[in-house]
Structures are given as C-alpha cells and as structure tokens.
Amino acid sequence: MSKLVIENVGKVFPAQRGAEPTRALMPTSLNVADNDFITILGPSGCGKSTLLRIIGGLETASEGRVLLDGSAVSGPGADRGFVFQSYTLFPWLTVQQNIAFGLREKGVSEAERLKVARDWAVRVGLGQFVDHFPKQLSGGMQQRTAIARALANDPKILLLDEPFGALDNQTRALMQEMLLGIWEREQKTVLFVTHDIEEAIFVGSRVVVMSKRPGRIKADIPVDLPHPRPYTIKTTPEFVALKERLVEEIRAEVIAADH
Amino acid sequence: MRPLQPVSASARIGYGLAFFALFVALWSVATFGGYVQRLFLADPLTMVGEGYNLMVRYGFGFDIMMTIWRVVGGFILAVLVALPIGILMGAYKPIEAFLEPFVSFARYLPASAFIPLLILWAGIGETQKLLVIFIGSVFQLILMIAVSVGSIRRDLVDAAYTLGATDSSVVRRVMLPNAAPEIAEIFRLVLGWAWTYVIVAELIGSSSGIGHMITDSQALLNTGQIIFGIIVIGLIGLVSDFLFKAVNQRLFPWARA
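These protein sequence lines map, in sequence, to chains A and B.
Per my numbering, the first sequence runs over residues 1 to 259.
Per my numbering, the second sequence runs over residues 1 to 257.
One chain only, chain A, in its complex shape (with noise of 0.2 Å):
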C-alpha cells in the first residue's frame, strides 16, 4: 500500500484586482510507498513547491486530495515534517530547544525531550553546538538542525522544499551526503523539492520531473543507483547518463516557458 496519495491535486491562485485566475498546478497524481526517497524537480515557478506546500497543510488544493496513510490531510500537522528553503529556526531558542520544539506540543516530558533532542544534535553532526543560538550558525549548520527539528517529531513523512538552495556549493554536496546518510539509517518516506539535477539524482530513489507553470508531472524516472551512495557516485556513467537524460528534460521546458 501507498504511504502518500496524491489524487488529482491542482491548486489554482484566486484572481487578484481584476486580472484572470492564475493555475499554479493542473491536477496532479502520485502515489509514495513507504520510506520511498522521491526527488521533484522541475524549473523555477513550476508549482513543484505548491505541491510541497499542499501536502503539507500550508497551502489547501483547489481540487484532489492528498492521503496519508489513508486518511485526508487538511492543515498542517506534526506527522508531516517539513524543512524550508529560508531559515526558519527559532531565533529565541538554542539549537537544542529548537530541535525539542516539537516534542513540547507532544507533551513530552522536559528530560525526555532534551535527551531526544541531544540525540538528534548527534546525529547531524551539531553534538557540540546544543547550546548555539541560531544566529552563532552558519547557514548549513541551520539547515541540519531545521532536519533534525523536524525529524526529532518522528514524522510519518518528511517535505523538503528547496532546503539547500541558499548554501554554497561544497557545502550543499556535504549536506546531500549527510541527509542520504540519515534516510539510510532512518529509512523514512521523503519527499524532496529542488531545481537542481544533480541532486535529484544523487539523493532520490526516484525523480518526479514537472513541466513549466502550470505544473504537471511530466516524467518519472526511477534511480537505480546502489546504496549507499559516496560521492563519487557522481562521476559513474549510470549517473552522467541519468543526469544527461534529466538535463533534456528540463531544458525543453525552460525553453517552453520563455517562450
């Protein structure tokens, strides 16, 4: 059975002052099975993120519905983990109080949830920041402990939007490399949103790509890389010629979409 059903879900923006209705997603369909890793990539603006946003309970669907476990998803909730693009740690609290934050809504008891949260700290590498305030971080630093926050709510699936779009680039392959870590270990139903090819490739088990706006899945391409996967999965011939395929692709709908 599906972990994740996504039936038929579109989202169409209200119009604003007289300008038309804009449709940001055309009816989407996808099922996720259990501790399935799915990459969704498509080009800026494509609704890849809307998505994101409507399994989560950010965003409601103007049509379809969205089911986990079977049952229907409305609002956001904390058996659905998501990391954002923008840093959205808690300024107020350090990393390990940021990292227990969830576990407070649960009525975990204080001991508990700060030895979780240490564990967590661990396990992304920051055992020696606990006590940091988000703004001592860097940006990678702030990213893992947004991961280990949502991740220490031991959700039943995990949203990624865009989470490594504003680091660097050595720093983003490091974080690639940690996040395939943990899912190795955790093994844990993830959904990842990004434009970029190569890490599509080298975290997921299977690429959604997504056409230009409106969205619409426009290819689904399973990922046949053994695990687990160093780095230098990167340079093989199965993974250039994956990434050659996926450069296509998206290629063909930036184009579109400029045109």
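Just so you know, the hints here were simulated from the structure itself, not pulled from any lab data.
Some hints could be false.
Stated by the list, open to error - What the simulated footprint calls covered on chain B by chain A, stretch by stretch (three residues with Cβ under 8 Å from a Cβ of chain A suffice, anywhere in the stretch; the number is not a length):
| id | region |
| --- | --- |
| 1 | 198-210 |
| 2 | 231-239 |
Said to hold, decoys possible - Computed spacing ranges between beta-carbons, pair by pair:
| id | chain 1 | residue 1 | chain 2 | residue 2 | range |
| --- | --- | --- | --- | --- | --- |
| 3 | A | Tyr231 | B | Asp241 | 49 to 57 Å |
| 4 | A | Leu174 | B | Ser104 | 50 to 58 Å |
| 5 | B | Pro94 | A | Asn8 | 29 to 37 Å |
| 6 | A | Ala166 | B | Val7 | 53 to 61 Å |
| 7 | A | Gln128 | B | Phe19 | 41 to 49 Å |
| 8 | A | Gln136 | B | Val7 | 20 to 28 Å |
| 9 | B | Val7 | A | Gln128 | 35 to 43 Å |
Stated by the list, open to error - Selected chain A positions facing chain B (in silico; Cβ < 8 Å):
| id | residue |
| --- | --- |
| 10 | Gly56 |
| 11 | Phe90 |
| 12 | Trp92 |
| 13 | Glu105 |
| 14 | Phe133 |
| 15 | Asn153 |
| 16 | Tyr231 |
Keep in mind the model is a prediction, meaning the values are calculated, not measured.
We put the beta carbon where it would ideally sit given N, CA and C, even for glycine.
Could you slot chain B onto chain A? The hints should help.
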C-alpha cells in the same frame, strides 16, 4: 569622515561628552558674558547652587521620588492594559479590525488636554496624575505592540504549525518570544514619552513633584531652580534609558549581536 565609517567606543563617549561641554560653554558665555539678563536665564554656577539648596534645604529628593512613582505607576498600569490587548490585536486580525481604528483615533488625543477633565473626575490627587500618564501611554503602547506581534515572519509560523503547534501555542511560543525584544524597546520609548506628560500633570493642581517645583520657581522668578529641575528630568531619563538597554541586552542575548 566617510559615510558609515564606524567610530571606536572610546571616541564615541568622547564625542558625546564633548557636546555636553560645548553646550555648557555656550551657556556660560551667554550668561557670564552678560548677553542674557540674569532674570531670564541663570548661569551654570547659580544653577548648581540652587540645585544644592533644593536638595539640602527644601527636600527636593522627595519631589523627585513622587514624580518617578507617578511615571512608573501610570506606565505600569498602561502596560498591564496594553500588553494583552496589543498581543491579541497583533495575533488575531478580526480583533485588530475591531479595535485599531478607535485606538488610532485615541492615540492623537492629547493627554494634557484631558487634565481639566481628569481633575473633575478624579480630583487633584494621585489618581489624576496616574491617569494622565496612563492615557498618554496606553494607546501608543497598544498600537506599537500590535504591530510588533503581527509583523512576525510567516515562515516561522508555518514552521511551528508543521511541528504540531496549536493556534494558542503559536501565539504563546512563537509570536510572543519573537516580539519580546521589540516590545521591551517599545517600553523604553514610551516610558520616555510618559516623562513629558508627568511634568504637565504636575504643573496644574499639585503639591509635590518636579513639575510642582518648577511652577513654584516660576512664581519666584528663580530660573536656576527651573533649569535644575529640567536637568534632573533629563538625567533620570538618561539613566532609565541606559538601564532599559542593559536589561534588554541581558534578557535577549539571541536578538542582535
């Protein structure tokens, strides 16, 4: 000098003191040099002498304490009312739509114009003084707190919701701590304004306080005492400002470097 080029901490203090020195120098030239009649403006030394007289012979310390208590008392009352209303307005848009137009209107009502009315209602006792401060501060506080609570980044609220936060914990655990440093800054600012109202309140129908001393001195043409009173107010303002800043930095180490 180049635009935005920083100055060192010691130079900053030096520059700041230099202007005070320049101010006193100009004042001295104007008064000791005989350019201004003594009747209208006392010279610095006379002012210091009168200040000494006030403190030692006329118990001016008591007046200062009375004024401080009125400002602080009225201000605390205003904070107790403004804080919950401001937070609710900032967090819940219908409440804001309900109250904002009236509060914006009330904010422009001059507190000093209420003094005759307040004397009718509350007499010339302490209640009237506290009410002047209260009316002068409460509407400003409400509006500024509402704006600071409501101006939270949308994605921080979204993040809290995806972590399982309820509506009330978004207000308590996210919007409030997010606005706290700015609210503390608002307190500092509005307390400064409250000082200007208290003196006006004390000019009319009062038997103690710095404002009362100033009215008395006017009747006696003692400009030295008036200036001393004004300077005391300035100094208290400076000290309270400094304390507020220090406390804010202590309380909110995460907010600005």
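The hints, checked one at a time:
no., hint, in the structure
1, 198-210, "violated (count 0)"
2, 231-239, "violated (count 0)"
3, Tyr231(A) - Asp241(B): 49 to 57 Å, "holds (55 Å)"
4, Leu174(A) - Ser104(B): 50 to 58 Å, "holds (51 Å)"
5, Pro94(B) - Asn8(A): 29 to 37 Å, "holds (34 Å)"
6, Ala166(A) - Val7(B): 53 to 61 Å, "violated (34 Å)"
7, Gln128(A) - Phe19(B): 41 to 49 Å, "holds (47 Å)"
8, Gln136(A) - Val7(B): 20 to 28 Å, "holds (26 Å)"
9, Val7(B) - Gln128(A): 35 to 43 Å, "holds (36 Å)"
10, Gly56, "holds (6 Å)"
11, Phe90, "holds (7 Å)"
12, Trp92, "holds (4 Å)"
13, Glu105, "holds (4 Å)"
14, Phe133, "holds (4 Å)"
15, Asn153, "holds (6 Å)"
16, Tyr231, "violated (29 Å)"
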